[in-house]
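Novice: The lines below spell out each chain.
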Amino acid sequence: MQQAPILEVKDLACERGDHRLFSGLSFALGPGELMQVQGVNGSGKTTLLRTLCGFMQPVQGKVLWSGRDINEWDDSFHAEMCYLGHLNAIKDELSALENLRMSAGLAGYSVNEKQAVTALRRMGLQRREHLPVKVLSQGQRRRVALARLLIGDAHLWILDEPLTALDVGAVGLMQELIGEHLSNGGMAIFTTHQPLQVSGVTTRLLNLS
Amino acid sequence: MNKLSLAGLLGLVVRRDLLLAMRRRADVLTTLIFFVMVVSLFPLGVGPEQDMLRKMASGVVWVAALLASMLSLPRMFSADYADGTLEQMMLAPQSLTVLVLGKIVAHWMLSGLPLVLIAPVLGLQFDMSTQALGMLVLALLLGTPILSMIGVIGAALTLGLRGGGVLVSLLVLPLCIPVLIFGAGAVEAVNSGMSAVSNLALLGAFMIFALVFTPFVAAQALRISME
Amino acid sequence: MAINWFKYSAPSTFYGLAGKLIPFFAWPAAILFAIGLYIGFFVAPTDAVQSEAYRIIFIHVPASILSMFIYLIMAGYAALGLIFNTRLSSMMAQALAPTGALFAFISLWTGALWGKPMWGAWWVWDARLTSELILLFLYLGFIALQASIEDPRRADKAAALLAIVGSVNVPIIYFSVKWWNTLHQGATIKMSGTSMHVAMQQAMFMVLVACWLYAIAVALARVRSIILERERNTQWVSELPEVKYEDGGAK
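Read top to bottom, the protein sequences are chains A, B and C.
Take the first sequence: its letter number 194 is residue 194 in the working numbering, and every next letter is one higher.
Take the second sequence: its letter number 85 is residue 1085 in the working numbering, and every next letter is one higher.
Take the third sequence: its letter number 204 is residue 2204 in the working numbering, and every next letter is one higher.
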């Protein structure tokens, strides 16, 4: 039987160059839980999130998803997660709609135009769907990237500074989206320098410094 | 929302790269113009004697094709790397190998195929015979995909490095020598009245060999470079 | 007696071991070079066809053999490092590359020196000479890639992948160059038909062994500096007598 989706980190140590960022890090994240990674600049927040994705190999310890090391998973682990990095992963030359459909495709979903338009509207991008992304503002580009969260059924959201460049309304929208995700049995781990409150959920804090 | 099949993913990556190239046409055209220029410079360098030009035509076109395809290699992943798309590709639930294959196909259609199509015109500058022109196109058709396939490994290994453009040529050019030898050899065989079958067969064998291994190797190279 | 080989795969222990081993390779290399070259240049008889110029082969042939073997050994070490994630094997690959490139270069240089009196040209597009040139390019690519990546772990892995791809390609390149050469009826190097004199064989063999020993000694010396460079922030390096001495000297 498939174990309940759970992210476990055991005795993790990461380095960047010769520099040891953190070591002996352990935690577990289950359905409905939200975790905020805190720490000063350079404390290894991004490195931790990238290690959770499997981009980087830890110097020591391991990351488990549903009880199995993420390195032993085939690509189906990737189907259960959604990562949003510093970079928006959108193309200036494509429209918001094309961008969303392409990134959904890369994530393994075939999305029709209606579904994509719905997701973009939810992110507050009405009448911007067909504009090339290069004419949009930074905040609007971030919204296009965030619309990816609405596509697919990933259990685990890994969000690196999701609130960068977002206005107050969009921050509220993000809180709402994370709330919905958690109440559907999802989980999320994120970094931010801005306060993010999701009603009815206690945010667990992980301090790296 | 439907899940995407492997073939669907392959098609998506190819379509995406072609669409992006159409929105930035200059990139495709510069490679092509470079190819035309290099080939046209040779007669100016060695003199206009038609006998000599006819003799060296296939070699010149092949070397120029080799250089032109090197020119477009650094761009293969750099934009996707810079804007974070490559990270998302590595997190795709389907195999990275298929994604890389899509990249190879798109790269060939954008930088290999145009060379194949323009080559006969350039061959005329060198007074090549009709049979030789036909063979040149055929050999380029078989050979240029191999250049893209070997090149993708170099492009993946040098991802994000300073001076990556020159480095990629340094890594890839020696590995492309067999393609150059048999590609140019096919045309020469026709010129000297021999059969070019063995050349073409070997090129075909290289292509299949490269098709089996290079997407996988390049996917590993990408994983190494993204760490 | 069971030797714990695993113990010596740690850079910290191998550093000391390599230091002790170097003289055992370096001295025999020097002695064998001296004897081998003496026999080659003064004892071996003059060749009937090629007269004195043939004597360059006592350097040329061992250098060519070494340049090819070292590439394979280097690729093997690099592959071990890539597959088993053993740092020391990657460092060995990195240490071998310049020596291999040097032998390829010597082989080309002596080939040219030999070609001038034999063929009347410094460079002839002979199949073996051309392959050797391409081999030198492959070495240079490996060294350049390793040098241009700052993160040593990424550099090791990337260079390893290149070396593996290269070693798969080497036979293909060799046979295609050979095929190309026969098609164009170029010159081919042929030793004079007569069997080699005993003194020639002895000289060739001694220089070959000397080259091997030299390659090992130099690779060990180089791997020691690579270890120091990469492990400079560790406790054991700061406790080395030679490092402590340097610190004291700086005061």
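Simulated from the structure, these hints should not be mistaken for laboratory data.
From the three backbone atoms N, C-alpha and C, an ideal C-beta is built for every residue, glycine too.
Any given hint could be a false lead.
Facing chain B, a subset of chain A residues (Cβ under 10 Å, in silico) [claimed, not checked]:
#1 Cys53
#2 Arg68
#3 Glu72
#4 Asp75
#5 Met81
#6 His86
#7 Asn88
#8 Glu93
#9 Glu98
#10 Gly105
#11 Ala107
#12 Ala145
#13 Val198
#14 Ser199
#15 Val201
Novice: Now tell me if each hint is right for this structure.
Specialist: Hint check:
1. Cys53: With Cβ-Cβ at 6 Å, under 10 Å, it holds.
2. Arg68: violated, 16 Å
3. Glu72: violated, 15 Å
4. Asp75: holds, 5 Å
5. Met81: holds, 7 Å
6. His86: With a closest approach of 7 Å, the histidine 86 of chain A hint holds.
7. Asn88: At 6 Å from the nearest chain B Cβ, asparagine 88 of chain A passes the 10 Å test, so the hint holds.
8. Glu93: It holds, given that the least Cβ distance between glutamate 93 of chain A and chain B is near 4 Å, below 10 Å.
9. Glu98: With a minimum Cβ separation of about 7 Å from chain B (threshold 10 Å), the hint on glutamate 98 of chain A holds.
10. Gly105: Result: holds, 4 Å to nearest chain B Cβ.
11. Ala107: Result: holds, 6 Å to nearest chain B Cβ.
12. Ala145: holds, 8 Å
13. Val198: violated, 24 Å
14. Ser199: violated, 28 Å
15. Val201: This hint is violated: valine 201 of chain A lies away from chain B, its Cβ roughly 25 Å from the closest one there, beyond 10 Å.
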